[in-house]
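Protein chains in written order, with the working numbering: chain Z, 1 to 79; chain G, 1 to 133.
Hints may be right or wrong, so weigh each one.
[To be verified] With beta-carbon atoms standing in for the labels, derived distance ranges:
1) Z:4 / G:48: 34 to 44 Å
2) Z:16 / G:29: 35 to 45 Å
3) G:57 / Z:42: 13 to 23 Å
4) G:82 / Z:65: 51 to 61 Å
5) G:46 / Z:56: 13 to 23 Å
6) Z:13 / G:60: 27 to 37 Å
[To be verified] Reference listing, derived: stretches of chain G covered by chain Z, where coverage requires no fewer than 3 residues with Cβ under 8 Å from a Cβ of chain Z:
7) 7-14
8) 25-35
9) 38-50
10) 71-77
Derived from the structure by calculation, the hints contain no laboratory data. Built from N, CA and C at the ideal position, the CB exists for glycine as well.
Residues per chain, in single letters:
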Amino acid sequence: MTPHRISALIGAILLTMIPTIAQAYSGPGVGLGAIGVVLGIVGSVFLMTVSLIWYPVKRMVRGLRRGPAAPSRRRDSNV
Amino acid sequence: MTGALAPIALLLGAIVAAGELARRLRIIPRFATLADLGRRAGDILVRRGVSDHLKERATRILAGRMMASSLGAGAVLALVIAPVVLLLLLDGTLPLGVRAAFFDWQARLLILFVSLIYVLARWRIGRRRLQPR
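Using the sequences and the hints given, assemble the complete structure.
Shown next, in the form of structure tokens:
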């Protein structure tokens, strides 16, 4: 742990000891809603990662394992 | 007991406005749609017998829909809580006594009871309107 991180951690701990009202209360409805929104955004980023990275990489690895083959021709391509 | 009733009335008004906004903007169906999209995405990811190409396309489409749905739900949530937040912010510049009422347990209890009565009455009225004539 670097000295910067240690001092930041100590500062954060000291901040929690200040006995004033945080005025950061959110009710259960808003809290759950905010958690739902955050989970939705994280889930959509995960799905986007899966669709943009995982499946193309999988396809590429599969293609490499098959070895240098003839360029694939799609049956439905009309170009 | 709770000091002046004006801050409590203001808070109640803001809470009623937030409730009406939640009804009008249909916040709960939005979150239900978001949960449904997540369930569908999970189903697609674990489904067997579907080509990777189709899964890739489906997850891409679902990711876009999920992002749009999440941002929409977040925006609606922010709009719904806006009256209460604005009132509390306004109390920072003008001393209305709303924050004091917000943190006074007796005032809170009063607000809780009146809000519950309002919600129950509103729910009954909403149900009556939904019934066929």
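**Request:** Of all the hints given earlier, name the ones this structure violates by number, lowest first.
**Result:** Violated hints: 1, 6 and 7; rest satisfied.
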